[in-house]
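Asks: Going down the list, the protein sequences come from chains X and Y. Residue numbers 2 to 72, in our numbering, belong to the letters of the first sequence in order. Residue numbers -17 to 172, in our numbering, belong to the letters of the second sequence in order.
Just so you know, these hints were derived from the structure itself, not from any lab. Note that the coordinates shown come from a computational prediction; the quantities given were computed from them, not determined experimentally. Backbone N, C-alpha and C fix where the C-beta goes; we use that ideal spot for every residue, glycine too. Some hints here could point you the wrong way.
[Claimed, not checked] If you anchor each label on the Cβ, the simulated ranges turn out as follows:
#1 Y:-4 - X:21: 32 to 40 Å
#2 Y:11 - X:24: 50 to 58 Å
#3 X:31 - Y:0: 18 to 26 Å
#4 X:35 - Y:119: 26 to 34 Å
#5 Y:36 - X:19: 24 to 32 Å
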Amino acid sequence: MNQDIHADLELYAAGALPPEEMVRYDRHLETCGVCAARVGPALAAVANLVPDTPAPTDVWVRIGHVLDGLA
Amino acid sequence: MSFAVQAAENTERSEDGALAARIASGERGALEEAFQLYGGAIKAMASRVLRNDTLAEDTVQDVFLALWNAPEKYDPARGSLRTFLITLAHRRAVDAVRSEQSRFNREERVPEDVPPSIDDEVWSRTVSESVRAAVERLADGEREAIELAYFGGLTYIQVAERLGLPEGTVKSRIRSGMRKLSNTLAEVTS
């Protein structure tokens, strides 16, 4: 199983695996520090493809309402 | 990586850990700080995947409420808070895309690709610029496969169907492209 996991870590990071496989990887990565360390740079790389933009204020207002409800 | 960039990354990780600890202690202002820092990027990610502003904002809300409810799931040792939150947002957005209702919404409401906003054109970090440059250097087939998977929410099987290529070819292209991106990031940050 670990060999399968190693082979497809890049596909996991790219979000290209079928949903059931993503779940299997999630479970494995929770306990395997080696795989987590390997997949980390790939996840960071694709995350850096997303630009920083101003945070949407209206969404923060909505979050605030939810938090008020929880309080 | 220069000393200055390394120092900046170490500082960012340290600050992320401190921020997560404050959120864990129930400090609402800390969650707002995280929102101001990363809410825009998370919405940019969700918008790119979902192509629907309302669904994207719902994703942003879900991600920050998830951080509030379970801040212990973020481990600074495994990466930046920004990467953690964007990864979480990506998973949620892709799940939404893969539901039949979202697919219907996408096709019916927004048939065309949403052009990138002016903000989307802004790349404020050296790392982001380096990774973007690396994407431009990828072979066309690698870039196309990764973008269809990451921003299009498609599995490698669906990418293969879309491009009319064998699944093994698509897997190889995604693997090789992602390795190149990871290596670029490693060069910039090491």
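Asks: All hints are to be evaluated individually against the structure, with a verdict given for each.
Replies: Here is what the structure says about each hint:
| no. | hint | verdict |
| --- | --- | --- |
| 1 | Y:-4 - X:21: 32 to 40 Å | holds, 37 Å |
| 2 | Y:11 - X:24: 50 to 58 Å | violated, 35 Å |
| 3 | X:31 - Y:0: 18 to 26 Å | holds, 24 Å |
| 4 | X:35 - Y:119: 26 to 34 Å | holds, 29 Å |
| 5 | Y:36 - X:19: 24 to 32 Å | holds, 27 Å |
Comparing the model with each earlier hint shows a violation of hint 2 alone; every other hint is respected.
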